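Chains as they are written, first to last, in our numbering: chain Y, 1 to 292; chain U, 293 to 584.
Since the hints were derived computationally from the structure, they do not count as laboratory data.
Don't take every hint at face value.
[As the list claims (entries may be wrong)] Chain U regions said to be covered by chain Y (calculated; three or more residues, Cβ under 8 Å):
1) 459-473
2) 485-494
[Unchecked claim] Cβ-to-Cβ under 10 Å is the rule here; a few derived chain Y residues that face chain U:
3) Thr113
4) Leu153
5) Gly186
6) Ser203
7) Ile211
8) Gly217
9) Ser252
10) Ala253
11) Ala271
12) Ala274
13) Ala275
[Stated by the list, open to error] Computed far set for chain U versus chain Y, every beta-carbon distance over 12 Å:
14) Ala320
15) Leu450
16) Leu513
17) Lys536
Remember, predicted model here, so these are calculated numbers, not experimental data.
For every residue, glycine included, the Cβ atom is placed at its ideal position computed from N, Cα and C.
Protein chains: 2
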Amino acid sequence: MITTKNTTVGFIGIGVMGNHMARHILNAGYVLHIYSRTRSKTQDLCQQGAVWQDSIAQLAKQCQVIITMVGYPTDVESIYMDSDGILENAGSGTITLDMTTSRPDLAATLYETGQKKGIHCLDAPVTGGDIGAKNATLSIMVGGEVEGFTRILPILELMGKNIHHQGPAGSGQHTKMANQIAIAAGMVAMCEALSYAGKAGLSLEKVIENIGQGAAGSWSLHNLAPRIIKQDFSPGFYVKHFIKDMGIALESAKAMGLKTPGLELAAGLYAQLAAQGSENEGTQALYKLFQE
Amino acid sequence: MITTKNTTVGFIGIGVMGNHMARHILNAGYVLHIYSRTRSKTQDLCQQGAVWQDSIAQLAKQCQVIITMVGYPTDVESIYMDSDGILENAGSGTITLDMTTSRPDLAATLYETGQKKGIHCLDAPVTGGDIGAKNATLSIMVGGEVEGFTRILPILELMGKNIHHQGPAGSGQHTKMANQIAIAAGMVAMCEALSYAGKAGLSLEKVIENIGQGAAGSWSLHNLAPRIIKQDFSPGFYVKHFIKDMGIALESAKAMGLKTPGLELAAGLYAQLAAQGSENEGTQALYKLFQE
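Just need the whole structure built from these sequences, with the hints factored in.
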């Protein structure tokens with residue numbers, strides 16, 4: 001069983017999300033080794049006792065559990081697969097956990113490559129954003145061997161609440177893609193509905209009150225529409241990150257021979273939105289496209 | 293003030309919804325006159341004390357409040373505007389309430405025509421389906437003069453819970469259209485997400501558990517996805533009725549110069565679904581299109 005006594009945890013990728021997540025692990029009493037592309041972002045954690053490592057290889061050699069939370073699938077691939085990466089340098093028996101939203105097929109490749117070296121690779125992307133990361137209320141969707149999942153569960157529980165093993169390697173990423181697909185055309189729906197109501201001269205607040213509890217209700221309508229009404233387009237979830245995720249979903253759906261016209265529409269509209277300079281705004285900025 | 297003593301209520305259109313709605317009014321103690329295209333559907337209500345009228349004109353002459361709940365905007369137009377219809381035969385001071393989901397511009401026309409004769413026309417479409425009608429928990433979105441709304445509110449409260457005056461004539465219909473637009477691309481999103489998850493070999497139940505509480509959550513995901521999983525495509529809301537509503541929304545959006553690519557996509561997919569024989573199934577049958 002994993003305990004704070006017998007397990008050194010490594011965390012690679014100390015961004016907005018990673019910072020919160022790593023802190024929960026540190027606060028629970030684990031020895032925590034960290035590495036990030038920008039060292040300055042790790043200062044706070046190091047002052048609280050996290051151990052900086054100069055390279056991924058060095059970190060990998062000393063940790064029994066390695067968590068990665070980085071930007072793009074290409075980053076994941078290089079962090080795991082390069083000769084100075086995790087899989088070449090971690091010891092047999094190590095459990096790795098990629099919490100980046102990344103390609104399901106890459107997760108499967110990491111799993112297979114790891115298996116040859118006795119390394120258990122899990123994919124475990126999250127939803128809930130920086131607030132979920134801060135409050136340790138992330139939803140975590142896990143793919144990989146159930147034994148690895150069960151062993152690492154105590155660490156996952158430090159970061160999230162709604163944690164499920166979804167199936168073999170890649171299943172966590174597939175679940176996250178299903179999540180993004182449900183959001184994609186859903187955002188189009190919500191922004192169109194509000195735009196229609198606005199154009200018809202209605203009070204958006206009153207419309208939401210009247211339709212929000214019924215079949216038109218959604219998380220987006222309850223949480224993002226009020227921001228739209230205030231013209232608040234600041235990022236809860238960045239347009240540019242959503243575009244990245246939809247790109248992965250489109251590729252993955254195509255590889256499975258699945259038609260996703262709603263996702264395609266949303267991806268096209270968000271690309272248009274980014275081209276107009278909104279890539280660093282929140283996903284609710286899609287509303288602007290309908291105001292032209 | 294409207295009371296059961298001073299007000300005779302007329303109800304035109306005793307279908308699945310109308311039957312429940314009219315019964316609540318009857319049960320409250322109002323004298324209720326009814327008319328419907330198919331007289332046999334009114335038998336139950338008549339046995340409970342409703343008064344059958346042989347024509348719309350005859351009904352209109354005797355009622356101070358007239359409620360209509362019929363199929364299509366063309367039906368609404370003829371019931372109100374024909375020479376043997378409501379507006380030619382109702383007395384000055386009558387309040388009419390069209391609860392059909394119909395064209396916003398038609399609601400405005402009825403209002404203007406009524407105004408010349410001292411008849412107050414309100415549009416008041418609903419959401420909540422037959423269960424909402426049965427349990428008197430409909431959401432009701434009302435357009436027209438606020439004075440008329442206030443006067444008729446005691447009768448609306450017999451049928452629904454979430455009742456709002458949204459603005460001038462047509463605003464109730466516009467609100468309903470915003471509702472349908474939010475549902476339209478939202479259904480595409482939900483069906484695509486489930487289809488993706490299924491194709492990826494995941495357990496749909498587990499996926500919903502993992503993503504349902506976050507940003508991907510929606511009424512459709514919580515209420516219709518479980519039916520899809522059981523392959524239950526029976527109608528809560530008919531595909532054919534949704535197609536009718538989306539047609540009105542498309543026309544209305546176009547008239548306002550609003551782009552609605554999500555609505556267009558959904559309307560096209562539902563037309564395809566109906567062409568394959570699903571027009572009498574529930575809207576969740578859209579899932580089938582993605583299984584091909």
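key: Leu513(U) remote from chain Y - nearest C-beta pair above 12 Å   = The claim breaks: Leu513(U) does not keep its Cβ more than 12 Å from every Cβ of chain Y (closest is about 7 Å).
Chain U contact restraint on Ser203(Y) - CB to CB distance below 10 Å = For Ser203(Y), the interface hint holds, since the closest Cβ of chain U sits about 7 Å away, which is under 10 Å.
Given hint Gly217(Y) near chain U, where the shortest CB pair must fall under 10 Å = holds, 4 Å
Satisfaction of the Ser252(Y) interface hint, Cβ to chain U closer than 10 Å = holds, 8 Å
query = Regarding the assertion that Leu450(U) does not contact chain Y, is the least Cβ-Cβ distance greater than 12 Å?
reply = Leu450(U) is indeed farther than 12 Å from all Cβ atoms of chain Y, at 18 Å.
task = Count residues of the segment 485-494 of chain U with a Cβ under 8 Å from any Cβ of chain Y, then say if the count reaches three.
result = Three-residue rule met by the segment 485-494 of chain U, so holds; n is 9.
query = Can we keep the Gly186(Y) interface hint, with Cβ of chain U closer than 10 Å?
reply = holds, 4 Å
inquiry  = Please check whether Thr113(Y) passes as an interface residue: C-beta within 10 Å of a C-beta belonging to chain U.
reply    = violated, 21 Å
Annotated coverage of the segment 459-473 of chain U by chain Y, confirmed only when three residues or more have a Cβ within 8 Å = holds (count 10)
ask   = Was the hint right that Leu153(Y) lines chain U, CB cutoff 10 Å?
value = violated, 15 Å
message = Given Ala274(Y) as an interface hint, is its Cβ closer than 10 Å to any Cβ of chain U?
response = violated, 17 Å
key: Residue hint Ala275(Y), partner chain U, criterion CB-CB below 10 Å   = Since the shortest Cβ distance to chain U is 16 Å, the answer is violated.
Of the hints listed earlier, those the structure fails to meet are numbers 3, 4, 11, 12, 13 and 16, in rising order.
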